[in-house]
Amino acid sequence: MTRPVIAVLDYGIGNLRSAQKALERVGAESFLTADAAEVEAADGVVLPGVGAFGRVMEAIRDTGVDEIAADAIARQVPFLGICVGMQALYESSEESPGVEGLGVLPGRIIELSDEVKRPQMQWNQLHSTATSPLLAGLPQDAWVYFVHSFAPEMTDDVVATCNYGGDVVAAAQRGSVMATQFHPEKSGPVGIAIIANFVALCDGAS
Amino acid sequence: MTNVARVIPCLDVEAGRVVKGVNFLDLVDAGDPVELAARYDEQGADELVFLDITASSDQRDTIVEVARHTAEEVFIPFTIGGGIRTVDDARRLLRVGADKTAVNTAAVRRPELISDLAREFGSQCVVASIDARRSSDADAPASGFEVYTHGGRTRTGICAVTWANEVERLGAGEIMLTSMDRDGTRDGFDIELTQTISDAVGVPVIASGGVGTLDHLAEGVVDGHAEAVLAASIFHFGEHTIADAKNHMLSRGVTVRPPQ
Chain H
1 MTRPVIAVLD YGIGNLRSAQ KALERVGAES FLTADAAEVE AADGVVLPGV
51 GAFGRVMEAI RDTGVDEIAA DAIARQVPFL GICVGMQALY ESSEESPGVE
101 GLGVLPGRII ELSDEVKRPQ MQWNQLHSTA TSPLLAGLPQ DAWVYFVHSF
151 APEMTDDVVA TCNYGGDVVA AAQRGSVMAT QFHPEKSGPV GIAIIANFVA
201 LCDGAS
Chain Z
1 MTNVARVIPC LDVEAGRVVK GVNFLDLVDA GDPVELAARY DEQGADELVF
51 LDITASSDQR DTIVEVARHT AEEVFIPFTI GGGIRTVDDA RRLLRVGADK
101 TAVNTAAVRR PELISDLARE FGSQCVVASI DARRSSDADA PASGFEVYTH
151 GGRTRTGICA VTWANEVERL GAGEIMLTSM DRDGTRDGFD IELTQTISDA
201 VGVPVIASGG VGTLDHLAEG VVDGHAEAVL AASIFHFGEH TIADAKNHML
251 SRGVTVRPPQ
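As they're listed, the protein sequences go chains H and Z. At position 134 of the first sequence the residue is numbered 134 (my numbering), and the sequence of numbers has no breaks. At position 16 of the second sequence the residue is numbered 16 (my numbering), and the sequence of numbers has no breaks.
Derived by calculation from the structure, the hints in this document are not laboratory data. None of these values were measured; they are calculated from a predicted model. Among the hints, a few may not be true.
[Stated by the list, open to error] Just some of the chain Z residues that point at chain H, by a computed CB distance under 10 Å:
#1 Val-4
#2 Gly-44
#3 Asp-46
#4 Glu-47
#5 Ile-76
#6 Gly-122
[Unchecked claim] Below, a list of computed lysine to aspartate or glutamate pairs in the DMTMM-like style, where the Cα atoms sit at most 25 Å apart:
#7 Lys-21(H) to Asp-32(Z)
#8 Lys-21(H) to Glu-120(Z)
#9 Lys-21(H) to Glu-42(Z)
#10 Lys-21(H) to Glu-73(Z)
#11 Lys-21(H) to Glu-239(Z)
#12 Lys-21(H) to Glu-38(H)
#13 Lys-21(H) to Asp-61(Z)
By construction, the Cβ of each residue, glycine as well, lies at the ideal position given by its N, Cα and C atoms.
So that you can see chain Z by itself, here it is in the shape it has in the complex (with noise of 0.2 Å):
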């Protein structure tokens, strides 16, 4: 087989604290990241993505312990994004143990910081986040997809696709694609924006932004032609383990490393 669809549950972390209302009732601790990425390990996960969104600059170190305590537990690959604005704030997170780094805001304010990423530490340690939104009114790119910074507030003018294969060309390994209109909404993936992405550069895409149910995350391999599919409350919530998720994929036909 060529194309192994990988699923991956995400963790929004706010000062070293899983965020989102998880809501395991078996953990003693629901929200410390380490112990969730060990369960997702458990279940199947083939990778994780930890979010960093902690507001406050002085307690930005957490995310580093949380690299580094996930290094010494869990033995599948995991990215850090969130606050990485240069080399030095990358190699911090590999140092400890992080596989790779996704890169957003920073990225689209300063596109060498993709290539110094990528020269440092090479490109399967760079992913780069994109955030995009429909648009259509008179500033909006021609495809109508627009890249957005900032969690999705601010628009940049700048086209998704152009964004994407500029990305790759810098040398990031890996999209990580987010859909704005969908993201929170559980009503499935962007499809047309994550086939038109995919299609258009040779780096594996992650589909991000809007799973709601098991079939969504079969949609963003099937018809959006993504290689890896991203959720995080269809996982947190406890309605549905990783097990459950690549279960349905394979009874959709989609290729997955099955749940051990």
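Isolated chain H (complex conformation) (with noise of 0.2 Å):
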């Protein structure tokens, strides 16, 4: 049996080199990329990201990475964006107005409460709003680290959320196409058994 093969999408911004570790490290081949053809050939695809909105859209645009992504997504290819990459899966975000996101999934992006402290900069415990393949089989109220001070509004795709402020977003699913706002590849265990849910996602896809 082949390794499933992991394509993660490089636009020359944030650290995606531990993305693309953690991803090796549950058995998949991993590598970056922003070729067309390379993304083409793999058996799933992954969106980092993390900074502003609007700089991050720039580069996805700028790189062509928009137009890999759209054709991965259409072609059904296990999809995840993680973070700001969850966010550019949107249609907006609050954080930059005027600049569109890639509209996959309907929805935008909106500023934490202002109650408490931004960035959320922690460990938190997900809820589990939506039976989803990307979080099967985790403990109940599982932690994992997020790092944001924007995050998705509810909407039918959100399969998680976190507290903090109030319900927030942490993760959503439609179709092929699977978001965190926090960050597996910093998680810890439980983060490495989400990763490894989509590597097994993209395997049985291939």
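Both chains are given apart, each in its own frame, so use the hints to dock them into the complex.
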């Protein structure tokens, strides 16, 4: 049996290496790329992201990663957006008014409550709101690591939330598109289990 | 719940090796930062901080290798500080897998470094490290808390509260606040300093300097209002594990991610 091949989309921003290393840890073959042909040959695609929404979207468009991502999603290849990579999948963000997201998931990105410190930079517990293969088999109220000041608004795609000055969207899924506001690649054994779930889906889809 | 306090062991690294008399009896190589990082991760550390105290510039690249190997072995967030003067210095560390970079002296000298880093990598990558001392002479700021640089040796005349507000405005995502009066004393955090800064800013504060007991860790959160607590010697010398620290904090009513 060959190892599933996962493309980590590299548009020049952020710590992409951690995602790649976590994928390799669970037995996937993983590489950083912004090459359409390489992504087309992959069994799964990861879109990481850190920083401001506007700057991330600009870099995604400048490198052609927007079309590469749209193509992979259209082919229903398992797709995982992480942190601002999750936010990029939505239509827009309060952080960067006027900047369009990829629009794969309906809804917009909103700022966290001003009654709590921002960014939320801590471990927090996942509360499952719908079943998703991405979060299958996790312990109840599993702890994962968040670092963000914005998050998606509540929509039908949400599969998990955390509590930080109110309910905050933590994970979403719509068909083959999955997304986490937290960092599974930085969430210890729980995060590794989530990455393993994703890789298993990629394996099944290929 | 809303605030979940983080427990962060700090490793001083010189030329790629942990220093400060580390004393893990059952570690073959007690001075290897990646091995220590993996051990703290297993014990339930929420994050790690590596401070590069390498003096000679020709050995500066060793910290990049520490970051690279840590990212291969440890799947929790880690920060690298010490000697970061430019956006490119930070980029090299982030590219190999560091999650955040901490800046101190270089940012006091050139505050735009913080805004440059925040613009380039996002605020979540930028930790402003502030070393403060109490001072009361004629040159002291009105708050009585003064910013020091160069590892606590050089006074600046700058008020620590004003500087904390300024680094937040410039785009730092977090403040690592060290009391240079308490650092190394094991007398506990400077609670008044910690609370003053933590209440003055809207970003998370990591309390640092002076931890000698597990109670001190809880005090940093309960009385100091810090979002995270950093300690070195109580963990390095094997007196306490991270799990001990967290169980104690839980018993004091502090919310933490429980040890695995």
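Exercise for the section: Double-check Val-4(Z) for me: the hint is only fine if its C-beta lies closer than 10 Å to a C-beta in chain H. Expected result: Constraint on Val-4(Z) satisfied, holds at 5 Å.
(message) Can you confirm whether the C-alpha distance between Lys-21(H) and Glu-239(Z) stays at or below 25 Å?
(response) Violated: Lys-21(H) and Glu-239(Z) sit about 33 Å apart, past 25 Å.
Regarding the pair Lys-21(H) and Glu-73(Z), is the alpha-carbon distance no greater than 25 Å? Holds - the C-alpha atoms of Glu-73(Z) and Lys-21(H) are around 9 Å apart, at most 25 Å.
Q.
Less than 10 Å between beta-carbons is the criterion; does Glu-47(Z) satisfy it with respect to chain H?
A. Interface hint status for Glu-47(Z): holds (8 Å vs cutoff 10 Å).
| message | Hinted pair, alpha-carbon criterion (25 Å max): Lys-21(H), Asp-32(Z). Please report holds or violated. | response | holds, 20 Å
* To do: With a cut-off of 10 Å on the beta carbons, see whether Gly-44(Z) makes it to chain H.
  => Hint holds; Gly-44(Z) Cβ to chain H Cβ min 8 Å, cut 10 Å.
**OP:** Return the status of the interface hint for Asp-46(Z): holds when the least beta-carbon distance to chain H is below 10 Å, violated otherwise.
**Re:** Holds, because the Cβ-Cβ distance from Asp-46(Z) to chain H comes to roughly 6 Å (cut-off 10 Å).
Interface hint compliance - Gly-122(Z) to chain H, C-beta minimum distance less than 10 Å: holds, 3 Å
**OP:** Given the hint that Lys-21(H) pairs with Glu-38(H), test it: the Cα-Cα distance must not exceed 25 Å.
**Re:** holds, 18 Å
* Asked: Are the Cα positions of Lys-21(H) and Glu-42(Z) separated by 25 Å at most?
  -> Distance ~18 Å between Lys-21(H) and Glu-42(Z) Cα, so the pair holds.
Taking 25 Å as the top limit, are the C-alpha atoms of Lys-21(H) and Asp-61(Z) close enough?
holds, 21 Å
- Task: Return the status of the interface hint for Ile-76(Z): holds when the least beta-carbon distance to chain H is below 10 Å, violated otherwise.
- Result: holds, 6 Å
Hint violations for this structure: number 11 only, all remaining hints satisfied.
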